[in-house]
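Trainee: The chain contents come next:
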Amino acid sequence: MIHWVLTVAAVLFALGIYGVSTRKNAVGILLSVELMANAVNLNLVGFGMRAGDSAHVFVLFAIALTVAEVVVGLALVVLLYRTRKNVLIDLASELRG
Amino acid sequence: MWASLSPLAADLVLVIGALSLLIVDLVLPHGEKKVLGYGTAGVFIAGLLATFLLDLSGEALGGAYVGDGMALLVKRIVYAGGFIAVLGSLDYGERHWPLRQGEYYQLMLYSVLGMGLLGGVEDLILLAVAFELMGVPLYVMAAFARKDKLAVEGALKLYLTGAVSSAATLYGFSLIFGAAQSTRLQDIAVAASSAPSPILWLGASAALAGMGFKLGVVPFHMWVPDTYRGTSPPFVAFLAVGPKVAGIAAVARLFLHGETALLDGVAPFALLLVWSTIIVGNWMAVPQTSARRLLAYSGVGHMGLVLLGVVAGTHTALAAVMFYGAGYLVTTAGAFLVVSALTDEQGSDELDRFAGLAQKSPFLAFAMLVFLLSLGGIPFVVGFWAKLYLFLGAWGAGFAWSVVLGAMASVVGLFYYLRVARTMYMDEPDAQGISVDMGTQFAIVLCLVFVVGMGVVPQPFVAIAEEAASALLRP
Numbered sequence: 001m002i003h004w005v006l007t008v009a010a011v012l013f014a015l016g017i018y019g020v021s022t023r024k025n026a027v028g029i030l031l032s033v034e035l036m037a038n039a040v041n042l043n044l045v046g047f048g049m050r051a052g053d054s055a056h057v058f059v060l061f062a063i064a065l066t067v068a069e070v071v072v073g074l075a076l077v078v079l080l081y082r083t084r085k086n087v088l089i090d091l092a093s094e095l096r097g
Numbered sequence: 001m002w003a004s005l006s007p008l009a010a011d012l013v014l015v016i017g018a019l020s021l022l023i024v025d026l027v028l029p030h031g032e033k034k035v036l037g038y039g040t041a042g043v044f045i046a047g048l049l050a051t052f053l054l055d056l057s058g059e060a061l062g063g064a065y066v067g068d069g070m071a072l073l074v075k076r077i078v079y080a081g082g083f084i085a086v087l088g089s090l091d092y093g094e095r096h097w098p099l100r101q102g103e104y105y106q107l108m109l110y111s112v113l114g115m116g117l118l119g120g121v122e123d124l125i126l127l128a129v130a131f132e133l134m135g136v137p138l139y140v141m142a143a144f145a146r147k148d149k150l151a152v153e154g155a156l157k158l159y160l161t162g163a164v165s166s167a168a169t170l171y172g173f174s175l176i177f178g179a180a181q182s183t184r185l186q187d188i189a190v191a192a193s194s195a196p197s198p199i200l201w202l203g204a205s206a207a208l209a210g211m212g213f214k215l216g217v218v219p220f221h222m223w224v225p226d227t228y229r230g231t232s233p234p235f236v237a238f239l240a241v242g243p244k245v246a247g248i249a250a251v252a253r254l255f256l257h258g259e260t261a262l263l264d265g266v267a268p269f270a271l272l273l274v275w276s277t278i279i280v281g282n283w284m285a286v287p288q289t290s291a292r293r294l295l296a297y298s299g300v301g302h303m304g305l306v307l308l309g310v311v312a313g314t315h316t317a318l319a320a321v322m323f324y325g326a327g328y329l330v331t332t333a334g335a336f337l338v339v340s341a342l343t344d345e346q347g348s349d350e351l352d353r354f355a356g357l358a359q360k361s362p363f364l365a366f367a368m369l370v371f372l373l374s375l376g377g378i379p380f381v382v383g384f385w386a387k388l389y390l391f392l393g394a395w396g397a398g399f400a401w402s403v404v405l406g407a408m409a410s411v412v413g414l415f416y417y418l419r420v421a422r423t424m425y426m427d428e429p430d431a432q433g434i435s436v437d438m439g440t441q442f443a444i445v446l447c448l449v450f451v452v453g454m455g456v457v458p459q460p461f462v463a464i465a466e467e468a469a470s471a472l473l474r475p
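In order, the protein sequence lines correspond to chains X and G. The numbering of the first sequence is the working numbering, which starts it at 1 and goes up by one. The numbering of the second sequence is the working numbering, which starts it at 1 and goes up by one.
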């Protein structure tokens, strides 16, 4: 049973990474990050079937952390739109250093 | 209840200070917000005093936090880093975001609060929370120059890589938790030796990669030069030091815990990161023409060395890492403050702007020379001892080839550091003079004192670092 949960979570996580590396739209990248975060939550809830309460506490903290982070992210995307009039960002090429 | 909070007294000083400043900010009239900067500097001093005067030992938060030597040392280092960064931002903030200074210093206090906690975490959940508390304010502070296109892009890059790395770290934590069935780092370390499983190693690798992102470890370093180049210069003097020291302490706490360690299973992966970081950081620094990008890449190279100390995993090596962290903080903060003063005056941080700095401002040129020598590892400044102890520690743990690589990289480093020094002292200046505000000047002098002081008499500082390392590993 737990293996199915872990597998689904791993697929979600991989989809998130795929989205982060291919999306050009900053909002799309944020959505992909959310997928990765949900993989974490799914993992924790899955482990909670055996580990019990501490997993559920962990999952609440993980959700709160992700929310705090995404709020800041959306504000930054708004800021990017104000300075550039678009929210397209090519992480793969622009982050080449 | 209060007894259990006593190890967190210094952190509480920061919390109370931050909340008081929040209220003061509301009643202060426009034009007098600069006071908040002095207040913040005072809060950092109060926090530092608390670490010296109060007894911060013992467990807190039901054992999730422990006030051992490591926690104490990390607190002192990051509070000092915060203090230096505030001094450097006083004048800049007053000129560039006069009405929002209060918010800036608030965020800085919260970020330093998170860093201070990271030194003493004993629980995965607190580790995740403290890591985010350190990181999220940084994203906002990076975007503080909100009309500046480069700054906003730099902030977004910092944010996106940071968010992805947080997700990877948390994914790793969730797998570690699932395999060890506990959030306590002690239990996890025991599980790593008694019941190792592929899930545990996968989780540890994901966590290491995620935390490596924040430290700027290759191949997760791409955000470092762009963010350093784009965001406001005094902020970089904050971003480049405190989070690295706190992050490396967190990595050490998670991966090196007592006799049994989570590190064993991921050591080959970690060593690969170390090698690529040392090579790429120093290699990419050579052709840079912007001072901040050069220092960014050289900083990446330094992180490789620090991580080598953690991977070596002995008491001596960990003590060297802590010493290196303290030395890296004062040196890099000082160097970025000099660059900040120069950039602010001339509107560019290209290396040719350093031409003839020795004639335009002998003080800045001398300070920069000392910081560069320290980064390059020349005797009588802290960088030399830091490198020496680190190499000795890693050599003693059997990482001879990595030490050879690190030493070779240091020679390459000397080349690009001394190139900047030559530009400052040999080239002809243009007409402009340079004026530096008092706060920045004082911060640079403070960094100079520590860089030279720790270089001339390293023993007391090494003793403190060794005590900190004893918190995790037996000597």
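Check each hint, because a few of them may be wrong.
[Said to hold, decoys possible] Computed list of lysine to any residue pairs in SDA-like fashion (alpha-carbon distance at most 20 Å, straight line):
hint : chain 1 : residue 1 : chain 2 : residue 2
1    : G       : K34       : G       : I23
2    : G       : K149      : X       : Y81
3    : X       : K24       : X       : A10
4    : G       : K149      : X       : G52
5    : X       : K85       : G       : K34
6    : G       : K34       : G       : R76
7    : G       : K149      : X       : L74
8    : G       : K147      : X       : N86
9    : G       : K147      : X       : V78
10   : G       : K149      : X       : T22
11   : X       : K85       : X       : R23
12   : X       : K24       : G       : L150
13   : G       : K360      : X       : A14
14   : G       : K360      : X       : L79
15   : X       : K85       : G       : K149
16   : G       : K147      : X       : V87
17   : G       : K147      : X       : A75
18   : G       : K360      : G       : G453
19   : G       : K149      : X       : V87
20   : G       : K147      : X       : R23
21   : G       : K147      : X       : L74
22   : G       : K147      : X       : A14
23   : X       : K24       : G       : R100
24   : X       : K85       : G       : I434
25   : G       : K149      : X       : L88
26   : G       : K147      : X       : L88
27   : G       : K149      : X       : A14
28   : G       : K147      : X       : Y81
29   : X       : K85       : G       : M222
30   : G       : K34       : X       : V78
31   : G       : K149      : X       : L79
32   : G       : K149      : X       : R84
33   : G       : K149      : X       : N25
[As the list claims (entries may be wrong)] A few chain G residues facing chain X, derived, Cβ under 7 Å:
hint : residue
34   : I125
35   : A143
36   : V152
37   : A155
38   : L170
39   : G178
These aren't lab readings, by the way, just hints derived from the structure by calculation. Ideal Cβ positions, reconstructed from N, Cα and C, are used throughout, including at glycine.
Trainee: Run every hint past the structure and note whether it holds.
Mentor: Now the hints, each set against the structure:
no.: 1; hint: K34(G) to I23(G); in the structure: 15 Å, holds
no.: 2; hint: K149(G) to Y81(X); in the structure: 10 Å, holds
no.: 3; hint: K24(X) to A10(X); in the structure: 23 Å, violated
no.: 4; hint: K149(G) to G52(X); in the structure: 48 Å, violated
no.: 5; hint: K85(X) to K34(G); in the structure: 33 Å, violated
no.: 6; hint: K34(G) to R76(G); in the structure: 25 Å, violated
no.: 7; hint: K149(G) to L74(X); in the structure: 17 Å, holds
no.: 8; hint: K147(G) to N86(X); in the structure: 15 Å, holds
no.: 9; hint: K147(G) to V78(X); in the structure: 12 Å, holds
no.: 10; hint: K149(G) to T22(X); in the structure: 23 Å, violated
no.: 11; hint: K85(X) to R23(X); in the structure: 18 Å, holds
no.: 12; hint: K24(X) to L150(G); in the structure: 18 Å, holds
no.: 13; hint: K360(G) to A14(X); in the structure: 54 Å, violated
no.: 14; hint: K360(G) to L79(X); in the structure: 38 Å, violated
no.: 15; hint: K85(X) to K149(G); in the structure: 11 Å, holds
no.: 16; hint: K147(G) to V87(X); in the structure: 15 Å, holds
no.: 17; hint: K147(G) to A75(X); in the structure: 14 Å, holds
no.: 18; hint: K360(G) to G453(G); in the structure: 27 Å, violated
no.: 19; hint: K149(G) to V87(X); in the structure: 12 Å, holds
no.: 20; hint: K147(G) to R23(X); in the structure: 25 Å, violated
no.: 21; hint: K147(G) to L74(X); in the structure: 17 Å, holds
no.: 22; hint: K147(G) to A14(X); in the structure: 35 Å, violated
no.: 23; hint: K24(X) to R100(G); in the structure: 32 Å, violated
no.: 24; hint: K85(X) to I434(G); in the structure: 37 Å, violated
no.: 25; hint: K149(G) to L88(X); in the structure: 14 Å, holds
no.: 26; hint: K147(G) to L88(X); in the structure: 18 Å, holds
no.: 27; hint: K149(G) to A14(X); in the structure: 32 Å, violated
no.: 28; hint: K147(G) to Y81(X); in the structure: 11 Å, holds
no.: 29; hint: K85(X) to M222(G); in the structure: 25 Å, violated
no.: 30; hint: K34(G) to V78(X); in the structure: 28 Å, violated
no.: 31; hint: K149(G) to L79(X); in the structure: 9 Å, holds
no.: 32; hint: K149(G) to R84(X); in the structure: 7 Å, holds
no.: 33; hint: K149(G) to N25(X); in the structure: 17 Å, holds
no.: 34; hint: I125; in the structure: 5 Å, holds
no.: 35; hint: A143; in the structure: 6 Å, holds
no.: 36; hint: V152; in the structure: 5 Å, holds
no.: 37; hint: A155; in the structure: 6 Å, holds
no.: 38; hint: L170; in the structure: 4 Å, holds
no.: 39; hint: G178; in the structure: 4 Å, holds
The structure is inconsistent with the numbered hints 3, 4, 5, 6, 10, 13, 14, 18, 20, 22, 23, 24, 27, 29, 30, although it conforms to all the rest.
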